[in-house]
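Chains as they are written, first to last, in my numbering: chain A, 521 to 717; chain B, 8 to 299.
By construction, these hints were calculated from the structure, which means they are not laboratory data. Hints are supplied without guarantee of correctness; some may be wrong.
[To be verified] Here are some of the chain B residues that sit facing chain A, going by a computed Cβ distance under 10 Å:
1. F60
2. L115
3. N290
[Said to hold, decoys possible] So these bits of chain B aren't anywhere near chain A, every CB distance computed over 10 Å:
4. S18
5. V25
6. F58
7. H72
8. L233
9. G272
10. I283
11. N291
12. G295
13. E298
14. E299
[Said to hold, decoys possible] With a straight-line cut-off of 25 Å between C-alpha atoms, the simulated SDA-like cross-links for lysine to any residue are:
15. K708/A to G97/B
16. K554/A to G68/B
17. K293/B to K554/A
18. K203/B to E177/B
19. K117/B to L710/A
Being a predicted model, the structure only gives us computed values, none of them experimental. Beta carbons are placed, not taken as given, at the ideal position from N, Cα and C, and that holds for glycine.
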Amino acid sequence: MNSFSLISFLNSNLNVGENELASIIENCETKVFKKDQFLLREGEKCRHTFYVERGLLRQYSIDEKGKEHILNFGPENWFITDRASVFFDESSDYFIQAVEDTKVVLINEETIGLLTQKISSFADFNTRLLHNHIRQLQKRVNQLLSVEAEERYLDFVKMYPDILLRVPQTMVASYLGITPESLSRVRKGLADSNFKK
Amino acid sequence: MSKKNVELVASPREPHFVGDGFRVHNFIPYGHRMDMQRMDPFIMLDYNSKFHFAPSEHPRGVGVHPHKGFETVTIAYKGKVAHHDSSGGGGVIGEGDVQWMTAASGILHKEYHEEEWSKEGGDFQMVQLWVNLPAKDKKSDPKYQAIQYADIHRFELEDNKGTVEVIAGEYKGIKGSASTFTPMHLFNAKLKKDAKATFEFPANYNTALLVLEGSAVVNGTEKVPLDHLALMANDGETFEIQATEDAVILILSGEPINEPIAAHGPFVMNTKEELIEAFNDFNNGKFGYLEE
Numbered sequence: 521m522n523s524f525s526l527i528s529f530l531n532s533n534l535n536v537g538e539n540e541l542a543s544i545i546e547n548c549e550t551k552v553f554k555k556d557q558f559l560l561r562e563g564e565k566c567r568h569t570f571y572v573e574r575g576l577l578r579q580y581s582i583d584e585k586g587k588e589h590i591l592n593f594g595p596e597n598w599f600i601t602d603r604a605s606v607f608f609d610e611s612s613d614y615f616i617q618a619v620e621d622t623k624v625v626l627i628n629e630e631t632i633g634l635l636t637q638k639i640s641s642f643a644d645f646n647t648r649l650l651h652n653h654i655r656q657l658q659k660r661v662n663q664l665l666s667v668e669a670e671e672r673y674l675d676f677v678k679m680y681p682d683i684l685l686r687v688p689q690t691m692v693a694s695y696l697g698i699t700p701e702s703l704s705r706v707r708k709g710l711a712d713s714n715f716k717k
Numbered sequence: 008m009s010k011k012n013v014e015l016v017a018s019p020r021e022p023h024f025v026g027d028g029f030r031v032h033n034f035i036p037y038g039h040r041m042d043m044q045r046m047d048p049f050i051m052l053d054y055n056s057k058f059h060f061a062p063s064e065h066p067r068g069v070g071v072h073p074h075k076g077f078e079t080v081t082i083a084y085k086g087k088v089a090h091h092d093s094s095g096g097g098g099v100i101g102e103g104d105v106q107w108m109t110a111a112s113g114i115l116h117k118e119y120h121e122e123e124w125s126k127e128g129g130d131f132q133m134v135q136l137w138v139n140l141p142a143k144d145k146k147s148d149p150k151y152q153a154i155q156y157a158d159i160h161r162f163e164l165e166d167n168k169g170t171v172e173v174i175a176g177e178y179k180g181i182k183g184s185a186s187t188f189t190p191m192h193l194f195n196a197k198l199k200k201d202a203k204a205t206f207e208f209p210a211n212y213n214t215a216l217l218v219l220e221g222s223a224v225v226n227g228t229e230k231v232p233l234d235h236l237a238l239m240a241n242d243g244e245t246f247e248i249q250a251t252e253d254a255v256i257l258i259l260s261g262e263p264i265n266e267p268i269a270a271h272g273p274f275v276m277n278t279k280e281e282l283i284e285a286f287n288d289f290n291n292g293k294f295g296y297l298e299e
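One chain only, chain B, in its complex shape:
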């Protein structure tokens, strides 16, 4: 097994608001050298770094919008989000929960700060990741995997040094709770100060890690400060993370799908013709209807 090196450490880009409820730094696809092809199968990563929202009677959020051709994965670290969709689904994503939504053939949804949480206000911290689907699955039926924090499988490090929560894929024999269409791993490593954890993924898997709390050093030398993302090179398999203070680190690694990508806004297809069809379907009500 050879070492997987750090290709670059990206600082968070200037934040922007998605609707009025999500203040995000984009890393994929607009971060330096992190476009959809480079990060395949991960095609978008927005990071809402910890941000305090004042109390509001009217929940902030994003109104009705469509998705087609991929999956959205929402990981809630702080705060609560309520969501509804055009197939009648809905729910609340609480702290620690993960919502894995397969938009596939097309869905309309909206997401807001949960009403009671909004009235109280507080710290809000989330990641939204878009995972591409292979062409053969882009037209499958939409579905949800609502993964409660308590149901996420964990690997405990020795000597109480921390845990690796396995959202998808596998870590040292512990299997993730989410099912995926293509092979990938998605973990939250919660490491105490000085704790080390090693990770091993095939060299061709596109891999990155995002530090959400504390700070870390990768492979003994590369410092990754708070709210920074380390993009790993495709040169080897294994790397080690050491927390330099108590840390929470999101780790993502996936096998590239290696198919053409035609993307515009909330639609990610394989060809321009399919994109035009996606717009037509959305405009003509084929994704259903959802009240604002």
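The shape of chain A in the complex, shown without the other chains:
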């Protein structure tokens, strides 16, 4: 995966000089989280949006029976946060955890405010990211309600082309809302149709 620093990621999407961005972004803390370390736990208040420069995060909840449900993966160049907690000051329902050693930029609301204020193209870009996120969530809800596991799997690998190689099958199954056995059946079915001996 290509990984970009937050500054070069924003620079490639906003029509603005690196210096101007750097003066704002340099106030953000950059941290390396070791594999399995938590960035957020259920019950805590989330204070940041996390930008992944290198590595992989997952956002998940744990139900009453102790089962994990993965909402999102956050590979390189993704933003992950709990919006309910960050924007509405609610206690989080989620865990955000490093699946690999992960280098993350911690962006707080003040930084988002400064970017919006000082860089005219940022507000539009941020709105576009938000719409894109909502589009993805809508599709995910709709798929969970109405679409077969195979189609959900195919969409998953389109969005996250290398995650299958980076996480255990159980996590992929958890994201898709199916059992690991069902995931095996889906993958076997695809191999039966597409593998030419």
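With the hints as your guide, set chain B onto chain A.
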């Protein structure tokens, strides 16, 4: 013929586990000055230095994973590994055996400590080497060469001073057992204390040697201790190894393929587009299916 000098002697890097069955030091591509371009056609070398595994009812190892675009060469020095793949192949790599797997167009496989060996536990020592394929062969069909220890051709040194086992290439008229897509040499030199052996490869061949037992001196002056790797310079053709105690030394030398390399994880292709295609093929089941 001019002398081929030692460019550097690399100490083993901090080990890491591949799955839970292989505790390896990486030399290629993450060792100092040993990236894929420098070591071409050798694109990865993981060395499991001698490590004692306690008995385990559940064989340790690495679960199902793909490979595409290159070959994996597993050399077993201590311990036994069982493997299976998506084309229905499988087998056991025993002590002294070499498995040369051509992943080429794509394969899924898994490798574990052999069940009975795992129950007993013991010392485990292996090398896994990845050999790149030229663009024209990256899409060829996967295949195996399972080379039993007894079938490896040998050159005997004079006065019973040791042997050079020729896995691939040629040493003093003895041809290796493995076939390769591009010219290369892969030997295990087993030298008794004070024994000397000379080697000759074209200057442009990328060459290294890894000391797996004992210790050695190269060209009379450069000490290479146990578990260290000597990278040879591309400045000449011949060099001499002398064992300073009974030694086992893996020697690799290959003609660079000199093509662009686009690599990500278990896929090594020539372009970024081919890498994306490799991910798509893997995700869509085109490498077949293998039970965990």
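| field | Numbers of the earlier hints that this structure fails to satisfy, in rising order | value | Of the numbered hints given earlier, those the structure breaks are 1, 7, 9, 10, 11, 12, 13, 14, 17, listed in rising order.
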